[in-house]
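Number of protein chains: 2
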Amino acid sequence: MNKFGTIAAKCWPRFFCYRAGLSDVVVRMLCSLPNEQIAEELAKLMELKAQLGTNDGKPQFLLKTPKGTRDYNPKQMAIREKVFNIITDSFKRHGAETIDTPVFELKETLTGKYGEDSKLIYDLKDQGGELLSLRYDLTVPFARYLAMNKITNIKRYHIAKVYRRDNPAMTRGRYREFYQCDFDIAGQYDPMIPDAECLKIVHEILSELKLGEFQIKVNDRRVLDGMFEVCGVPADKFRTICSAVDKMDKMPWEEVKNEMVAEKGLAPETADKIGEYVQLHGGSELIDRLVQDAKLSQNKVAMEGLNDMKQLFEYLTLFGVAEKVLFDLSLARGLDYYTGVIYEAVLTPSQADIQTQQNEHSEPVNVGSVAAGGRYDGLVGMFDPKNRKVPCVGVSIGIERIFSIMEQRLEASDQKIRTTETQVLVATAQKKLLEERMKLVAELWKSGIKAEISYKQNPKLLNQLQYCEETGIPLVAIIGEQELKDGVIKLRVVATREEINVERVNLVEEIMKRTCQS
Amino acid sequence: MNKFGTIAAKCWPRFFCYRAGLSDVVVRMLCSLPNEQIAEELAKLMELKAQLGTNDGKPQFLLKTPKGTRDYNPKQMAIREKVFNIITDSFKRHGAETIDTPVFELKETLTGKYGEDSKLIYDLKDQGGELLSLRYDLTVPFARYLAMNKITNIKRYHIAKVYRRDNPAMTRGRYREFYQCDFDIAGQYDPMIPDAECLKIVHEILSELKLGEFQIKVNDRRVLDGMFEVCGVPADKFRTICSAVDKMDKMPWEEVKNEMVAEKGLAPETADKIGEYVQLHGGSELIDRLVQDAKLSQNKVAMEGLNDMKQLFEYLTLFGVAEKVLFDLSLARGLDYYTGVIYEAVLTPSQADIQTQQNEHSEPVNVGSVAAGGRYDGLVGMFDPKNRKVPCVGVSIGIERIFSIMEQRLEASDQKIRTTETQVLVATAQKKLLEERMKLVAELWKSGIKAEISYKQNPKLLNQLQYCEETGIPLVAIIGEQELKDGVIKLRVVATREEINVERVNLVEEIMKRTCQS
Numbered sequence: 001m002n003k004f005g006t007i008a009a010k011c012w013p014r015f016f017c018y019r020a021g022l023s024d025v026v027v028r029m030l031c032s033l034p035n036e037q038i039a040e041e042l043a044k045l046m047e048l049k050a051q052l053g054t055n056d057g058k059p060q061f062l063l064k065t066p067k068g069t070r071d072y073n074p075k076q077m078a079i080r081e082k083v084f085n086i087i088t089d090s091f092k093r094h095g096a097e098t099i100d101t102p103v104f105e106l107k108e109t110l111t112g113k114y115g116e117d118s119k120l121i122y123d124l125k126d127q128g129g130e131l132l133s134l135r136y137d138l139t140v141p142f143a144r145y146l147a148m149n150k151i152t153n154i155k156r157y158h159i160a161k162v163y164r165r166d167n168p169a170m171t172r173g174r175y176r177e178f179y180q181c182d183f184d185i186a187g188q189y190d191p192m193i194p195d196a197e198c199l200k201i202v203h204e205i206l207s208e209l210k211l212g213e214f215q216i217k218v219n220d221r222r223v224l225d226g227m228f229e230v231c232g233v234p235a236d237k238f239r240t241i242c243s244a245v246d247k248m249d250k251m252p253w254e255e256v257k258n259e260m261v262a263e264k265g266l267a268p269e270t271a272d273k274i275g276e277y278v279q280l281h282g283g284s285e286l287i288d289r290l291v292q293d294a295k296l297s298q299n300k301v302a303m304e305g306l307n308d309m310k311q312l313f314e315y316l317t318l319f320g321v322a323e324k325v326l327f328d329l330s331l332a333r334g335l336d337y338y339t340g341v342i343y344e345a346v347l348t349p350s351q352a353d354i355q356t357q358q359n360e361h362s363e364p365v366n367v368g369s370v371a372a373g374g375r376y377d378g379l380v381g382m383f384d385p386k387n388r389k390v391p392c393v394g395v396s397i398g399i400e401r402i403f404s405i406m407e408q409r410l411e412a413s414d415q416k417i418r419t420t421e422t423q424v425l426v427a428t429a430q431k432k433l434l435e436e437r438m439k440l441v442a443e444l445w446k447s448g449i450k451a452e453i454s455y456k457q458n459p460k461l462l463n464q465l466q467y468c469e470e471t472g473i474p475l476v477a478i479i480g481e482q483e484l485k486d487g488v489i490k491l492r493v494v495a496t497r498e499e500i501n502v503e504r505v506n507l508v509e510e511i512m513k514r515t516c517q518s
Numbered sequence: 001m002n003k004f005g006t007i008a009a010k011c012w013p014r015f016f017c018y019r020a021g022l023s024d025v026v027v028r029m030l031c032s033l034p035n036e037q038i039a040e041e042l043a044k045l046m047e048l049k050a051q052l053g054t055n056d057g058k059p060q061f062l063l064k065t066p067k068g069t070r071d072y073n074p075k076q077m078a079i080r081e082k083v084f085n086i087i088t089d090s091f092k093r094h095g096a097e098t099i100d101t102p103v104f105e106l107k108e109t110l111t112g113k114y115g116e117d118s119k120l121i122y123d124l125k126d127q128g129g130e131l132l133s134l135r136y137d138l139t140v141p142f143a144r145y146l147a148m149n150k151i152t153n154i155k156r157y158h159i160a161k162v163y164r165r166d167n168p169a170m171t172r173g174r175y176r177e178f179y180q181c182d183f184d185i186a187g188q189y190d191p192m193i194p195d196a197e198c199l200k201i202v203h204e205i206l207s208e209l210k211l212g213e214f215q216i217k218v219n220d221r222r223v224l225d226g227m228f229e230v231c232g233v234p235a236d237k238f239r240t241i242c243s244a245v246d247k248m249d250k251m252p253w254e255e256v257k258n259e260m261v262a263e264k265g266l267a268p269e270t271a272d273k274i275g276e277y278v279q280l281h282g283g284s285e286l287i288d289r290l291v292q293d294a295k296l297s298q299n300k301v302a303m304e305g306l307n308d309m310k311q312l313f314e315y316l317t318l319f320g321v322a323e324k325v326l327f328d329l330s331l332a333r334g335l336d337y338y339t340g341v342i343y344e345a346v347l348t349p350s351q352a353d354i355q356t357q358q359n360e361h362s363e364p365v366n367v368g369s370v371a372a373g374g375r376y377d378g379l380v381g382m383f384d385p386k387n388r389k390v391p392c393v394g395v396s397i398g399i400e401r402i403f404s405i406m407e408q409r410l411e412a413s414d415q416k417i418r419t420t421e422t423q424v425l426v427a428t429a430q431k432k433l434l435e436e437r438m439k440l441v442a443e444l445w446k447s448g449i450k451a452e453i454s455y456k457q458n459p460k461l462l463n464q465l466q467y468c469e470e471t472g473i474p475l476v477a478i479i480g481e482q483e484l485k486d487g488v489i490k491l492r493v494v495a496t497r498e499e500i501n502v503e504r505v506n507l508v509e510e511i512m513k514r515t516c517q518s
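Just so you know, the protein sequences line up as chains A and B, in that order. Per the numbering used here, residue 1 is the first one in the first sequence, and the count goes up by one each step. Per the numbering used here, residue 1 is the first one in the second sequence, and the count goes up by one each step.
No wet-lab data here; the hints were simulated from the structure. Mixed in with the good hints, there may be bad ones.
Note: identical chains are not told apart, hence a pair may lie in one copy or across any two.
Only pairs whose alpha carbons sit at most 25 Å apart, straight line, appear in this in silico BS3-like list of lysine-lysine [said to hold, decoys possible]:
1. K324 <-> K446
2. K125 <-> K446
3. K513 <-> K450
4. K310 <-> K439
Since the model is a prediction, treat every value here as computed from it, not as a measurement.
Generate coordinates for the entire structure from the input sequences, incorporating the hints supplied.
Here's what the structure looks like:
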């Protein structure tokens with residue numbers, strides 16, 4: 001191994017160093033940096049290199065997708081289709097219709113809906129005409145759609161890309177362009193019945209995706225607000241203290257308390273009171289305890305939330321999913337528009353997984369949220385000139401994180417995934433049979449058979465068979481002079497190399513028989 | 001009828017006048033304008049009205065989608081799904097994989113690819129970082145993908161939205177955000193074999209969509225260039241004269257000639273020579289005639305094109321589609337990147353249709369192009385630092401136009417279209433049975449049955465049955481106290497009102513049996 005190789009071998013992104021064709025000096029410099037900086041520096045260098053142009057003087061074009069985005073290759077598309085099918089099957093099983101909205105909205109449609117996160121909205125350039133922004137989620141366009149069409153009852157799903165100018169972390173499935181799979185129920189109904197169905201759907205989808213153990217945390221904005229009130233938080237600090245609470249899954253209570261006191265000016269004893277509540281989590285027994293709580297029981301808003309929470313757990317028990325649901329007073333959610341129950345599903349590595357991880361690394365891995373949602377009874381009214389309200393509750397499945405996990409698994413498993421559905425390749429071993437291949441493949445297409453031919457005049461049989469092996473085509477229909485005279489086709493099974501002669505009139509039936517079970 | 005009504009009745013967009021609540025004066029002003037201006041003026045007025053605010057002082061929010069875009073409601077989505085399924089089935093039948101790319105690209109990726117149409121590209125606002133543009137088509141992102149991943153062979157389809165700041169004409173299916181369904185074959189193959197398959201696919205899809213009669217016009221950029229050369233067009237005017245020729249489907253030859261001579265400075269006798277060629281169209285007999293043509297036969301480039309065209313027609317005959325294909329020398333196509341065969345499919349109303357139309361209106365209706373494409377052997381090379389070429393040929397199906405036709409048809413036919421797939425509603429005639437409904441619906445979901453319940457505690461049976469009628473749910477599973485005791489469920493067929501008692505353990509099987517054929 002040469003000097004370049006030795007140095008590069010120590011670096012984490014060795015492959016990229018080679019591919020980028022970096023000089024020895026640069027590689028050595030890179031290796032002196034902490035690993036997490038290397039990829040970033042490398043990206044900058046490659047960009048610089050591209051801008052400077054190549055040796056032959058032709059300015060080199062920067063060949064990449066925009067920051068935080070990616071292409072899906074056929075394999076990734078096959079995984080994506082699989083995930084989407086599981087999700088839409090569940091949405092349809094619950095009787096949802098689907099809608100679609102434009103990728104951009106009038107800028108003012110998005111204004112005032114996302115609080116601090118508004119800075120992450122992509123705006124379009126003012127090229128004359130309306131000011132537009134790319135959609136940030138599917139919830140606000142849904143509310144705009146309901147108000148615009150005066151719809152008061154609908155159960156709909158919407159699967160589409162949304163856009164956030166956030167700091168991407170693509171290895172963990174965080175992108176600037178990403179899919180959301182939303183299911184929402186709009187309408188004036190009895191409390192917690194649609195809310196329970198949303199949680200049932202999350203449970204169904206996460207179970208069917210087989211991602212391992214998971215947990216669904218629930219809370220209610222009214223419980224939070226009531227709790228803030230009894231702890232003595234001034235009303236104008238509810239939302240900012242709520243944001244602080246929301247960080248409890250990322251930092252210990254002491255740090256959160258510090259943010260409340262030092263940054264947000266809360267009295268330490270008020271923060272301590274909040275601390276007593278937000279560290280609580282449990283099932284319906286916790287709800288019963290809080291309903292008896294000396295302070296909370298005196299607060300109307302909190303009691304509304306707690307009574308609904310109790311009802312919710314009863315419905316979840318009837319739906320057979322209560323076991324995975326945890327009432328967690330530290331769950332707060334960032335968005336402004338929630339008005340009632342809120343929830344978030346997280347993947348929880350099993351005991352065995354945790355032990356392995358703790359042996360290898362010092363700290364447990366935060367696998368992050370894969371679904372979230374809640375009730376937003378005021379959003380549609382914001383779009384209605386007469387402020388007519390349409391109560392809504394919904395959930396959004398975060399697909400990229402799930403893709404990442406499934407992609408990693410597929411790679412680890414060494415399992416092959418087909419990217420086409422071709423049932424048969426029409427091939428030949430002899431020359432000058434292109435016309436016959438074309439006639440036969442057209443016959444097969446006409447009968448609905450998925451079939452291909454080589455685009456060469458006189459392809460080699462070996463190459464045609466190899467193509468089948470590579471792409472997973474199970475059958476080859478081989479034409480030869482003799483077969484044409486006899487009115488038969490030689491059908492070859494790629495996996496077993498078995499070959500049989502089939503009457504041409506029976507070919508479609510034979511192919512169907514041999515491929516339809518797959 | 002009052003004065004307002006009388007005046008408005010004369011106006012074409014009468015309905016909009018009413019809905020906009022315009023004053024008498026405004027309506028009178030509108031009625032003095034030519035019809036085509038009214039809709040435009042009306043839109044401006046409504047916008048102004050919205051900006052000025054409503055009577056109650058609350059500034060009214062402009063509740064609309066951006067210009068040239070639309071939402072898809074559940075019915076439209078059902079049609080869209082149907083169209084997409086037909087198209088993807090065909091793409092898969094021909095062995096294509098699928099990919100996806102981001103909705104935006106680096107601005108420079110799109111630069112220099114679209115000629116004059118570049119002004120229609122949507123740019124994103126410079127918010128720091130890279131300069132981005134929304135994709136204008138799927139072909140350039142595909143070429144960028146191939147070059148970036150060094151792919152030299154692929155047969156892929158891509159269905160996604162593209163964006164053009166064009167003048168929308170939404171009633172004719174022309175939008176600023178619209179779907180393209182692209183199928184392309186990249187790779188170094190023998191001439192015209194992949195090209196013929198693209199045309200075969202267009203034929204398949206248009207036949208299966210049952211849109212009525214259609215015709216696929218073909219030409220070759222080399223035939224056009226060779227023809228321009230022998231007619232004496234200076235080389236630097238090839239592209240601009242090509243654009244003029246492309247207008248021949250919209251205006252008579254005399255006007256096109258005038259554009260060539262008066263605007264583009266061509267000698268009248270040169271234009272006349274072009275005129276002799278571009279008014280020709282026919283089948284393979286026309287190719288044979290042109291191959292013998294005194295001037296064209298001397299031109300190497302034209303002869304290459306003509307020989308390939310001859311080959312193409314032979315392959316199309318083998319594929320059984322030559323009958324619908326017309327060699328048309330006036331077909332030129334706008335985009336710069338085509339290098340060989342080009343094609344465009346148009347709907348051609350049948351004789352009966354034409355007669356009806358000519359009775360009602362004075363001029364025949366231009367139904368417009370629904371699919372187009374061609375060969376672009378140089379585009380991938382534009383992205384490759386070493387200019388390595390990857391020959392490509394492809395076709396793009398224009399979906400919005402097809403949606404418009406299918407929507408209009410569905411409305412005219414009064415046919416009902418379901419927007420959900422729910423098989424059964426779990427209902428009750430008695431009070432206090434919500435819990436039992438929840439348990440039963442959860443059982444059904446678990447078995448994969450698509451089922452719903454009312455979200456009311458104590459819904460009326462009549463309302464539940466009405467819901468089934470409205471949404472097309474075929475079955476109702478009715479629970480009552482007596483049925484619970486007997487361990488049965490009453491299954492009601494909505495269409496016939498027939499009711500039978502089914503043992504609870506057999507319910508899933510019974511529902512499957514009664515709904516799986518639909």
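Structure-based check of all given hints:
1. K324 <-> K446: between (50 Å within a copy, 17 Å between copies)
2. K125 <-> K446: neither (48 Å within a copy, 49 Å between copies)
3. K513 <-> K450: within (14 Å within a copy, 30 Å between copies)
4. K310 <-> K439: Answer is between: at 18 Å across copies they meet the 25 Å cutoff, but 68 Å inside does not.
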